[in-house]
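As a plain string of letters, each chain reads:
Number of protein chains: 2
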Amino acid sequence: MNRLLQDLRIVELSAFVAAPLGGMTMAQMGAEVIRIDPIGGGIDFARWPVTRDGASLYWAGLNKAKRSVALALDRPEGRDIARAIITAPGAGGGICLTNLPPLQGFDFATLQSERRDLIMLRLIGNRDGSAAVDYTVNAASGFPLVTGHGGGPVNHVLPAWDIAAGLYLATGLLAAERHRSITGNGQEVVIALSDVMLATVGNLGYIGDVQINGTARPAIGNDLYGSFGHDFATVDGRRVMIIALTRRQWRALGRATGLGDRLAMIGQIMDVDLDTEAGRYEARDAISALVARWCASRSLDDIRKAFSGTGVLWGHFQDFLQLVSDDQRCSGANPLFATVDQPGIGRYFMPGLPLDFSAATRLPTRPAPRLGEHTDIVLTEVLGLSAAEIGRLHDDRITAGPDGR
Amino acid sequence: MNRLLQDLRIVELSAFVAAPLGGMTMAQMGAEVIRIDPIGGGIDFARWPVTRDGASLYWAGLNKAKRSVALALDRPEGRDIARAIITAPGAGGGICLTNLPPLQGFDFATLQSERRDLIMLRLIGNRDGSAAVDYTVNAASGFPLVTGHGGGPVNHVLPAWDIAAGLYLATGLLAAERHRSITGNGQEVVIALSDVMLATVGNLGYIGDVQINGTARPAIGNDLYGSFGHDFATVDGRRVMIIALTRRQWRALGRATGLGDRLAMIGQIMDVDLDTEAGRYEARDAISALVARWCASRSLDDIRKAFSGTGVLWGHFQDFLQLVSDDQRCSGANPLFATVDQPGIGRYFMPGLPLDFSAATRLPTRPAPRLGEHTDIVLTEVLGLSAAEIGRLHDDRITAGPDGR
Numbered sequence: 001m002n003r004l005l006q007d008l009r010i011v012e013l014s015a016f017v018a019a020p021l022g023g024m025t026m027a028q029m030g031a032e033v034i035r036i037d038p039i040g041g042g043i044d045f046a047r048w049p050v051t052r053d054g055a056s057l058y059w060a061g062l063n064k065a066k067r068s069v070a071l072a073l074d075r076p077e078g079r080d081i082a083r084a085i086i087t088a089p090g091a092g093g094g095i096c097l098t099n100l101p102p103l104q105g106f107d108f109a110t111l112q113s114e115r116r117d118l119i120m121l122r123l124i125g126n127r128d129g130s131a132a133v134d135y136t137v138n139a140a141s142g143f144p145l146v147t148g149h150g151g152g153p154v155n156h157v158l159p160a161w162d163i164a165a166g167l168y169l170a171t172g173l174l175a176a177e178r179h180r181s182i183t184g185n186g187q188e189v190v191i192a193l194s195d196v197m198l199a200t201v202g203n204l205g206y207i208g209d210v211q212i213n214g215t216a217r218p219a220i221g222n223d224l225y226g227s228f229g230h231d232f233a234t235v236d237g238r239r240v241m242i243i244a245l246t247r248r249q250w251r252a253l254g255r256a257t258g259l260g261d262r263l264a265m266i267g268q269i270m271d272v273d274l275d276t277e278a279g280r281y282e283a284r285d286a287i288s289a290l291v292a293r294w295c296a297s298r299s300l301d302d303i304r305k306a307f308s309g310t311g312v313l314w315g316h317f318q319d320f321l322q323l324v325s326d327d328q329r330c331s332g333a334n335p336l337f338a339t340v341d342q343p344g345i346g347r348y349f350m351p352g353l354p355l356d357f358s359a360a361t362r363l364p365t366r367p368a369p370r371l372g373e374h375t376d377i378v379l380t381e382v383l384g385l386s387a388a389e390i391g392r393l394h395d396d397r398i399t400a401g402p403d404g405r
Numbered sequence: 406m407n408r409l410l411q412d413l414r415i416v417e418l419s420a421f422v423a424a425p426l427g428g429m430t431m432a433q434m435g436a437e438v439i440r441i442d443p444i445g446g447g448i449d450f451a452r453w454p455v456t457r458d459g460a461s462l463y464w465a466g467l468n469k470a471k472r473s474v475a476l477a478l479d480r481p482e483g484r485d486i487a488r489a490i491i492t493a494p495g496a497g498g499g500i501c502l503t504n505l506p507p508l509q510g511f512d513f514a515t516l517q518s519e520r521r522d523l524i525m526l527r528l529i530g531n532r533d534g535s536a537a538v539d540y541t542v543n544a545a546s547g548f549p550l551v552t553g554h555g556g557g558p559v560n561h562v563l564p565a566w567d568i569a570a571g572l573y574l575a576t577g578l579l580a581a582e583r584h585r586s587i588t589g590n591g592q593e594v595v596i597a598l599s600d601v602m603l604a605t606v607g608n609l610g611y612i613g614d615v616q617i618n619g620t621a622r623p624a625i626g627n628d629l630y631g632s633f634g635h636d637f638a639t640v641d642g643r644r645v646m647i648i649a650l651t652r653r654q655w656r657a658l659g660r661a662t663g664l665g666d667r668l669a670m671i672g673q674i675m676d677v678d679l680d681t682e683a684g685r686y687e688a689r690d691a692i693s694a695l696v697a698r699w700c701a702s703r704s705l706d707d708i709r710k711a712f713s714g715t716g717v718l719w720g721h722f723q724d725f726l727q728l729v730s731d732d733q734r735c736s737g738a739n740p741l742f743a744t745v746d747q748p749g750i751g752r753y754f755m756p757g758l759p760l761d762f763s764a765a766t767r768l769p770t771r772p773a774p775r776l777g778e779h780t781d782i783v784l785t786e787v788l789g790l791s792a793a794e795i796g797r798l799h800d801d802r803i804t805a806g807p808d809g810r
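Order-wise, the sequence lines are chains A and B.
The numbers in my numbering rise by one with no breaks, and the one at position 131 of the first sequence is 131.
Throughout, my numbering is defined as the position within the second sequence, counted from one, plus 405.
Possibly wrong hints are sitting among the right ones.
Said to hold, decoys possible - Beta-carbon label-pair distances, calculated as ranges:
| # | chain 1 | residue 1 | chain 2 | residue 2 | range |
| --- | --- | --- | --- | --- | --- |
| 1 | A | Met265 | B | Arg521 | 52 to 58 angstroms |
| 2 | A | Glu77 | B | Arg771 | 45 to 51 angstroms |
| 3 | B | Gln733 | A | Ala292 | 54 to 60 angstroms |
What the hints assert, rightly or not - Taking lysine to aspartate or glutamate pairs in the DMTMM-like style, the calculated list, with each CA pair at most 20 angstroms apart, reads:
| # | chain 1 | residue 1 | chain 2 | residue 2 |
| --- | --- | --- | --- | --- |
| 4 | B | Lys710 | B | Asp732 |
| 5 | B | Lys710 | B | Asp641 |
| 6 | A | Lys305 | A | Asp236 |
| 7 | B | Lys710 | A | Asp128 |
| 8 | A | Lys305 | B | Asp732 |
Unchecked claim - Partial chain A-side listing against chain B, Cβ under 10 angstroms, derived:
| # | residue |
| --- | --- |
| 9 | Ile43 |
| 10 | Gly214 |
| 11 | Met270 |
Because the hints were derived from the structure by calculation, they are not lab data.
As the structure is a computational prediction, the values presented were derived from the model and not from experiment.
No residue lacks a Cβ here, since even glycine has one placed at the ideal position from N, Cα and C.
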């Protein structure tokens, strides 16, 4: 949290990862981000992982520092209120972020007729309007078929396309808001999840590889494509990833393991220049055979000591439990984290924004709201409704607070 | 490409994916992005995939629409020129983006002493300054040990942490530039790649899962955690991913396959409510057994026809070759792409920015520069050097143009 964007108000109609992450990134820089959900919660309100009581740790994680308003979006009066919040006056308001199919009356043209300088960011599945989610886009990307050792597709577990899309939304929002602050004009910004995938596959050179070379990157397990990188077992049952992208890292590996002379002989045997990435890639199995024996007689701790301060680029594999319990970076020693009391869940480590701004003090991480926690305050502050009007809306079940009513 | 940020000038000292992607995203919105490299190229200049001649498709993909300046960064005069370009006057200048260890004299304080309102974005490995790259950060993240069926770590192939970091840099840059345009003050913005990973693991609920539940998500192959999603073989040797996140998608799957009544019986047999995500997750193997038989007797094309217009959420797996040759989204029909003549490589499909801005016309995708292509024009336009001065710098091998001299 910081206050860099404290003059902005953004309304989110969202679910799952991408748009919620985009909005949360704005909230973590101080923007007022109002997530509007149907009474009872959106389609992601119970998404896993959940607590034993069924409270979603995922929802809490992706909606930190936002305000939550619960409205009967299936009724005209509920939709009118949502539209009024989106298009409410104020220089930093009039920004809507969504990845849901548009409700009736929530298309850009209609909203713009209610606020001239509206900015609307819309994430869609495919450009033609058809549905796509991280799982389907990933299947099409080519990556699952070169993950692991081949023989069948392996899905990523990190929803990487959604995360990239969320951060493109954040970038697009700030670019559109900058344009508005200079010209006074709003606009609609649209991004398709499948285009995020396609752009990335192209950016990394894989489309060119097919069109120029007529080839495609093979599945090579955990090896690093076009350079040296491999995972090795340790004597104590752990695994480490050792990498040599640069000549300096390659030389450091030879020195730190004492294998420098033998590794150099591999270059002669294989007739490649091991000071080049292509040479190391060509000779990777021979290199790995030597390094594997070195690792296999050492514990993770031995390897940590041997590599400490040497310039070897390496890391060890750990599971989520080990990450949380053993990794100093995932602890109170890292200012990224704060122990936060999340209503309905309990106290645990919550990350803030990974960006550190020297001109904007890092403030404590704020929890996610309870669903509907800010219904009344938003109706008061943003729409100027009276207590009596708000009471009537609750009675009519047009709005709900954190108790679900 | 568009012209949204045409008044900004950003200088990049970068390599590999993250900072180059951040800078390219700015260039694709019209900013003048000057990537400064050592003469002969940086450490990523030959990164794979490459053409048969060794030209990097990866470098071309991540540096589109930029200007390239080649300088002898190992000599004081080369570094002086680089510093002068970074700190050159102009309201939209004075922005530096880097993921390299700082050269002597390129720390924030020194650069700020030459331009008061300097903005510097710096991606580092770990917060303590130690090295970390996508491969080591990923190993620590917990994800490789729950990718695939367990039994050993499986690395992602998409450098997802680098991509997220690059887009956080783009977001941070625009937020810092917004702050400068309001207050006149520059700042340093720092982000650690490992913090991008930690924040994401936390945002998705996996840290809370460990701390609140004492458990961690298991490896479940290509299944979707906490809902229904599975991959199935077709009769013609393809594989499809079928998903039911929402009740509507679940009902659609039953209708489109004609298996609705049988699927409903699974709910009774397993004693779960299949209208909930948790119920479908619990019963996923039984559901998959039925759907697998349905898919196994059908071709990909049969399945496409059966699901068309039904609301079933699904996609098929394809490799990079199939993506490029068979997928309509990866073709000239998609305005994301243009056939671009990349110097030193040839003509192929290059993606532009996936964001469509209604207030900023999409312009043709621009290729990556040849290394040093813009050395002379930048020395002229940004530093105001004369032809004679530029000639002297070339003679002294302080600068180089696209011919390497």
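List of violated hint numbers, smallest to largest: Violated hints: 3, 8 and 11; rest satisfied.
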